[in-house]
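At position 388 of the sequence shown the residue is numbered 388 (this note's numbering), and the sequence of numbers has no breaks.
None of these hints come from the bench; they were simulated from the model. Do not rely on the hints blindly, as some may be mistaken.
[Claimed, not checked] Estimated spans, in silico, between C-beta atoms of each pair:
| id | residue 1 | residue 2 | range |
| --- | --- | --- | --- |
| 1 | D313 | Q42 | 18 to 28 Å |
| 2 | Q102 | L200 | 29 to 39 Å |
| 3 | A763 | R197 | 47 to 57 Å |
| 4 | D797 | L200 | 29 to 39 Å |
Nothing here was measured: the structure is a model prediction, and the numbers come from that model. In this text, a Cβ means the ideal position worked out from N, Cα and C, and glycines have one as well.
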Amino acid sequence: MGDRERHVAALLMQADSLRRAEYVLFTHAPGIDLAVLVEELQAGQRAFERDGQVKAAALVDFYVSLVEEITPALREADRRRGAEHADSWEPIERDASRLMAQGRLDAALELVRTAGSTVPPDSYAFGRLLGMQGRVAEAMGAAGRHREALRILDGLTPEIGTSDDMIQPGLRLWLHRLRGRLYRAGGEYERACAEYRAALDAVSTIGETADELQIRSELADTHTAAGRSRQAVRESRRVLTRAEAAGAGPETRAQALNRLGEAYRQAGDAVAARRCFRRALELSGDAAVDDPRNLRAAQAWVGLGDLLVDEDDHAGAAEAYFQGLLKSMTVDREATAEGMRVIAWRMERLRAPERDLLLRTAEVFRDLLPEDDRYWVHHLPFRLAQAEALAAAGVAGGAAAALRALRQEALGRGAELAMVLRLEVRLARALRAEGAREGTRLGTGAARHEAFDLLWARRCRLRRRVAGRGGEAREDLAALVTQHRECYGLLIAMLLDHDNAGLAVPDGDGAVELAFDLHEEYRAWVEGASAPTGVPGTPATLRELRACLGADPDARHCAFVSYFSCGDGGDEGACVIFVVHADTGQLTVFQSPVGEREIKRVAERLRRAFDGDADAFPPLPPLPARRPWRRNLDFVADVAPGLLAFLPAVTGRELLCVAADPALQALPLAALPLPSTDEDAREGRRPLVRRHAVVQVSSATALLRTVAQPPAPADGGVLVAGVAAGEDPVPERLEHDIDFIAPEHAGRESVTEVGGLSATPDAVLAGLRAARVAHLTGHGWFDRTEPLDSGLLLAHDGQRPSKYPPEVEIRTRLRHLLTARHLLDSGLRLDLLTLRACSTARRDLHSTGDLQGLAHLLQASGVRSVVGTLWDVDDASSRRLFADFYRRLSAAPQTPWRALWEAQRAMLQGDGAQYDGPWQTHPYHWAALALFGDWRIR
């Protein structure tokens, strides 16, 4: 039986209306054997009957009768349309299909182009030509030749956009989807989304659910590939909801669940992801070998394996991947090849023993993949895994030779950037290890120079692309830069080995200084591409940072500490920590084994420990404010030695200005326990705040930009605004903060209050524009689905907000919110903004391409210094802490860092008027506040 007939039968059995079934037949049936199509339908009917799907089996009878009923009309239409051109087109299509089946894609393309030069100007011939060109392009894309495929389709763009009368709706729809897949594979995510939106417009003329579900599914996959986890979750939910509403079969629903599970996994919600994958397995059941549900089961097993890798259970992950491999063994060779490719790429995520075991098992099935151009991309991960196994066994030279050959093949085939980058980083690692001296990590000079030159050339290409941009979408640029993190990490690691490696450092810079500039370049580009403008600025250099820090009056007290996460793989270390002394400019470097994955895990556990988790089963309530010791925080102490490895370099430095990734900024660095001493053994581990104040910035580039901002108008005064929620029993606790702020500013500057029901978003925003210093109080809301809709809950239309935003209709919620979106274009010029509300400094730790968190967006909108909260705070302790902060700030108005540091230490030690009980010495109370941006009011 033919593949085309099987494909059309599958489309018919997914049809949800008579109109859809007729559309499938008239679009796909020309040129196929209708008798074979009926046989395929009857085979599907038998499968439904075996599975007890009585209604689906009965529906197949209708499709068979429909085919038989319209067969004469189909044959007459095919004869009438093809009579004139049958002699010329059918042999060409047959020969092109034969060449593609043999993997001779270039010959097939040349054949189609030759035929196209003589195509008659009628819709039938033109449609067949486009179909042939599209199929060749699709085959090239499947073989990893995405750029060539796009060049073929680029020539079809005018016809797709302007010759609607000459192209069947189904063909137009297919071409848009194909272009979308190719753009996605090439990392051009915004162009891919545009193609899928055009496909949705095309499908609206047909009005069928099945095509819409497929397009939206591919759109969700694009968001996932771009690292936009929130958008991927939202689109994947929409697909699942529509599939269930349309009464889709178990295979379609299982596919939607797998897609949603992967989106949840990338968004950091492992519980929801696991639930989706398990539901997909339940729907797949014990399907027969020819049942497409097997492929959905394979995808579910792969998703469960990925979750186990995230949890460092590599043995469990290898077993899950093996189950996925077994489920991939179907009668459909294309589906089997794709399943094996997906499993093979997972091998590099496993530790060496589990990877080698899975590789040996998978090699048994590899003979199922033909050795031709079509399947090169499927063989690639196996060959990469073999090279990795050689490297792990110490055969670095053999690994390097294999990887060098793979890279040349990938470049010659025009493979996607992500694939080439992956090969180049692994080749550089193998070269770095080649010829290593016994007992060292340093290789021969030639091999190491080749590795460094390879990565440096890749970095230079990225730099030219960022500088030119060429109209590149903001989200695409952020994803592009993020793809290069391993490249930057390995370059930095090699530079730090420079003293013993003899590298010729570009531009004559010092190796360690160049390593600092590279890490800052990467961070500044990610931050710039993610900023509201989407335009990366010029990254700060170490020389510029030294000049800025040295000019500060607090220079002798200050050290700049910058973390760079190299990833969780490779031998270059998980995290590099740079320390710059502000007064002398001395640069010191430390390496830490704590990687980004572990930091995210700790940050998420801490959030659940303090804020609770209403979605968990059973639900976890928020931390009891007066019994904070009921939840163990030892998991935070476990990462402290690695994160504080730099402490020997900052002895005597009171102020630490820390530049860190979003995951690390979610941790209360001031609460990390210091290394143990004899005194600690008697009194308990002391936190970092006992020795150092901590100020956070996103990068050195951001710090220099903030310092260069003009100060706020001297006559701006102070704004105090806030409103309680309708459920608050004592509104005065949130609406009377002016009681501790006004006395500290009496006689020096004006204090304006906007409180209670008058504190609307518009009134507060107007007050912020006119102020120099502002203090906002209320209930904060962090929207995990759309962080730009996070903000402060205020009054609206004479009504207080609800303190439970998820229970409020979304339009009502937004009317009460002063959101991050409102603030981005507000033209603020504040020296200091303090936020006594919940989670105002919280960020999304799992998305690429967005600047997340209210505190960080405030800095982007023109606020020099922000004091925000890392989690949901207690009303009483946060009021006392802010009151002490403003009291100390009035005594030294230019040093908010010292005012916050001293207030936190006083609460920790149980000193002063703000002390209300022993529970307030817990970090839940005193460590919730963090200062972001400039540490001085200049």
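- Which of the listed hints are not met by the structure? The structure breaks hints 1 and 3; every other hint is satisfied.
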